[in-house]
Every structure is written in C-alpha cells, then in structure tokens.
Amino acid sequence: MGHGEPLTEMEKAKIATLKDYMIMSNQKIAKEINQSEKIVRNFLENRENYGKNCVTGRLSTISPAQKQHLIRSAANSNKSARDIKLENNLTIGVRRTQKILSGCSYLKYKKVMRKPMLTSNNIEGR
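Numbered per our numbering, the sequence shown spans residues 584 to 709.
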C-alpha cells in the first residue's frame, strides 16, 4: 500500500502546539488538522526524525564490490552468465547475473554473426 503525503512544517508545528500547550487528545488533533489519528501518533512518537528514516525495498544479495567484480569479469571475457557466476563463486542465480549484466550501461550484448553456408559457387570462387 502506498504512503500518503508527509506532514508539512505548518502541520507539524500545529500538532506540537495542540499537544503541548492545549493538551488535546490525538483524535481531536487529527480532526482539527484533517489528518488521520495514526499520522498524528507517528509524528508525536518521533518528532525529530519524522519522515527521515524511511528505508524501503529488499536488501541486495551481493555487495557492490561483488557486483563490480562480476561486471569486470564479463567485460574482459566472452563467457556466458553461468560461467561468470561459477567463476566468481556467487550465491545468486544465473538469471540474476544476466539482469545485473544487462543493467550495466557500457556492456552491450552482441549476437555473434554466423558464417553463411559454403556453397559450390563460393568454393569455385576461391
């Protein structure tokens, strides 16, 4: 579920004033400023760091150094993603290795051009 807009500085000041000086309940403060009771409670529990310590997303399975090493070994060789993964002893899957390599801006996959079939005309032309 998405997050709503954080409180503005004016709303923060109003909540702090209503709680500290007017000694109003969280529910009354929420009605006063047209916000939910939960957002008022979250602000009052952590006034200094409200809206700052929001860490989202899953942690990466490999470190940035391992990622850089993976990209470097791919750039310096003509190996497949499976071979690169095995060479670097990584705990990630082959598909994740492919995703990392495709996300690199300066590595471009180029399909190897196949040689045309050698026909009798080509043999005579030699």
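Keep in mind the hints are simulated off the structure, nothing from the lab. Hints should not be assumed to be uniformly reliable.
Claimed, not checked - Here are the simulated EDC-like cross-link-like pairs (lysine to aspartate or glutamate), alpha carbons at most 16 Å apart as the crow flies:
1. K602 x E588
2. K614 x E594
3. K611 x E594
4. K682 x E707
5. K694 x E670
The structure presented is a predicted model; accordingly, all values stated were derived computationally and were not measured.
Please work out if K614 and E594 have their alpha carbons no farther apart than 16 Å.
-> The given pair, whose Cα atoms are some 12 Å apart, holds under the 16 Å limit.
Given pair status - E588, K602, alpha carbons within 16 Å = violated (21 Å)
Please work out if K694 and E670 have their alpha carbons no farther apart than 16 Å.
-> It is violated: about 22 Å lies between the C-alpha atoms, which goes past 16 Å.
Is it true that the CA of K611 sits at most 16 Å from the CA of E594?
-> Holds, at roughly 14 Å.
Below or equal to 16 Å on CA atoms is what counts here, so check K682 against E707.
-> violated (47 Å)
In terms of the numbered hints stated before, the structure departs from hints 1, 4, 5, listed from lowest to highest.
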